[in-house]
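Top to bottom, those sequences are chains A and B. Anchor point for the first sequence: position 170 equals 170 in the numbering used here, and the numbering is continuous, going up by one each time. To convert, take the position in the second sequence, counting from 1, and add 465; that gives the numbering used here.
Simulated from the structure, these hints should not be mistaken for lab results. We put the beta carbon where it would ideally sit given N, CA and C, even for glycine. Please note that a few of the clues may not be correct.
To be verified - Heads up, simulated SDA-like pairs for lysine to any residue below, C-alpha to C-alpha not over 25 Å straight-line: (1) Lys-442(A) <-> Thr-453(A); (2) Lys-497(B) <-> Leu-352(A); (3) Lys-497(B) <-> Phe-252(A); (4) Lys-432(A) <-> Ser-502(B); (5) Lys-497(B) <-> Lys-442(A).
As the list claims (entries may be wrong) - Residues on chain B that point at chain A, a partial pick, calculated with CB under 10 Å: (6) Gly-469; (7) Ile-473; (8) Val-480; (9) Leu-485; (10) Leu-487; (11) Gly-489; (12) Leu-495; (13) Asn-496; (14) Thr-498; (15) Val-499.
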Amino acid sequence: MHLIPQSWAHWHILVSLLPSVGLFFALCLYGMGLYTDKDIIKRACLIIIALVALATVPTYLSGDHAMTGLAGNPRFAETMMDSHFKWSVAALLFMAVTGIVAWLELVRSWIGRPSENALHLVLGLGLVTLALMMVAGELGWEINHSELRLDPETQKTSQLWSHAHMILNHFPTVGFVIGLGVYVGALILDNIVLKRAGLFLFVVCAILTVPTYVTGNASMWAVTDPVIPGISKAVINTHRDMALLALFGMAFTGVTAWIELWRYRYLGRFSNLSLYLVLAFAVVTFGILAETGHRGGQINHPEIVLPTDVLATDPKLGWTPAIELAINQVTWFVPWQTLHFFGYSLVFGVALVTSLRVLGFCKSMSFAAIHRLLPIGVFGVTMNVFTGMLILQADSSRYLNEITFVPKIIFLTIGALAVLYYSLSERLWAVKAGEDAPMGAKWVAALVLASWTIVIMGGRLLPYL
Amino acid sequence: MLSGNGFIILMVILVSGSVLGLAGLAVYCLNKTVDQSEG
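Could you build the full structure based on these sequences and the hints that come with them?
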């Protein structure tokens with residue numbers, strides 16, 4: 001891995017993620033800060049938005065140099081680069097203005113509260129910038145990824161998977177970097193609200209890793225069967241091996257972060273030992289993510305591969321091909337599938353009981369009493385992510401092309417994110433025995449139940465449709 | 466010597482028992498830390 005990128009194109013691929021995906025996470029956290037009216041979150045987000053805006057400078061410069069360097073290369077069409085350039089300049093200008101307004105408001109309100117009008121102005125500008133970034137990003141990806149324009153009729157596995165993976169893989173990685181920044185800042189400032197925000201971001205990124213891993217598996221089939229010239233399955237397998245490690249790292253970080261959020265509800269404080277354990281997991285996972293991303297980039301970006309790089313050539317080497325072989329043995333497949341069914345029983349049981357209480361059943365119990373059950377459901381989800389990924393390796397090409405697989409994965413992500421609300425909502429936590437839950441919480445409970453029902457139905461229908 | 470089916474049943478019991486056992490232990494420990502703080 002090159003710790004320092006050796007070309008402008010490589011620099012551009014990396015830094016351009018900050019004003020785009022970084023801005024998305026900053027705006028999500030900012031929206032939560034405005035909704036919950038937490039000044040510390042609003043200020044932290046103003047700082048993040050301003051820092052993200054600073055990244056417009058290296059993004060523009062690296063992009064400009066990369067265009068000059070790649071001009072004349074038949075792989076990259078000049079018209080596409082021009083189109084990406086024009087939209088990017090507009091997006092970067094808006095980003096710069098958003099960043100300047102965020103800095104001005106941060107300085108102006110250093111003593112006292114931030115102004116509501118200025119905060120909403122930052123939000124509005126940020127949203128317009130994000131829309132422009134989406135267009136610029138899409139045009140940027142299309143410059144290099146010609147496989148996205150292949151005739152769908154000739155494809156066994158849709159290139160929509162590759163497209164989805166290309167976009168999705170940046171969310172757990174860039175989100176994790178922002179989460180790590182917020183978390184380290186929180187530990188230095190010893191601020192509880194920021195610590196919760198950092199832990200929340202870790203859990204969200206861990207959840208997003210699941211669809212990222214699945215779309216990655218599908219992309220492998222989309223770009224190797226039929227073979228696309230220049231794309232090697234051996235190189236993909238080295239990326240898959242590291243992605244598997246990243247999945248483990250994300251799971252450890254996400255689950256320990258969630259446990260801290262859960263325990264905080266009862267103890268009213270954090271354990272320093274647990275907080276630093278989460279930090280240790282996060283730092284190790286960050287290193288694994290960086291290597292995973294780097295290996296992923298080598299698959300289809302010949303412009304960033306150096307002459308000194310040694311790329312894999314044997315597609316049978318690595319852990320994932322070995323796992324594929326092992327899991328196809330009935331003595332391995334059946335035990336993990338059994339565990340998968342246990343996992344769903346745990347998840348659905350806990351989701352049902354908790355959601356029914358929120359919807360108005362069993363009012364003799366406070367929400368805090370029901371909330372005690374949540375770790376059982378979270379362990380069920382974790383078990384199922386790993387057993388599900390193992391089962392997927394047995395025949396991923398078939399599973400991924402079944403029509404119920406996509407809704408299963410989409411609602412798994414939605415269901416897991418919705419459950420997170422149970423451990424974060426202040427109003428729900430205050431619901432005592434005999435009291436009714438807020439209306440908003442009831443909608444979330446309905447979403448949780450509907451999501452996990454679709455996940456189970458989608459999974460069960462896989463072998464039959 | 467175990468037959469093919471016997472080996473599969475043994476694997477199911479071993480894998481499920483160990484993973485569910487670990488998860489159960491973790492849930493027990495988590496609840497205990499909360500009980501102690503409330504008690």
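Hint by hint, here is what the structure shows:
no., hint, in the structure
1, Lys-442(A) <-> Thr-453(A), "holds, 17 Å"
2, Lys-497(B) <-> Leu-352(A), "holds, 24 Å"
3, Lys-497(B) <-> Phe-252(A), "holds, 21 Å"
4, Lys-432(A) <-> Ser-502(B), "holds, 19 Å"
5, Lys-497(B) <-> Lys-442(A), "violated, 30 Å"
6, Gly-469, "holds, 8 Å"
7, Ile-473, "holds, 6 Å"
8, Val-480, "holds, 4 Å"
9, Leu-485, "holds, 6 Å"
10, Leu-487, "holds, 9 Å"
11, Gly-489, "holds, 9 Å"
12, Leu-495, "holds, 5 Å"
13, Asn-496, "holds, 7 Å"
14, Thr-498, "holds, 7 Å"
15, Val-499, "holds, 4 Å"
Of the numbered hints given earlier, the model fails hint 5 alone.
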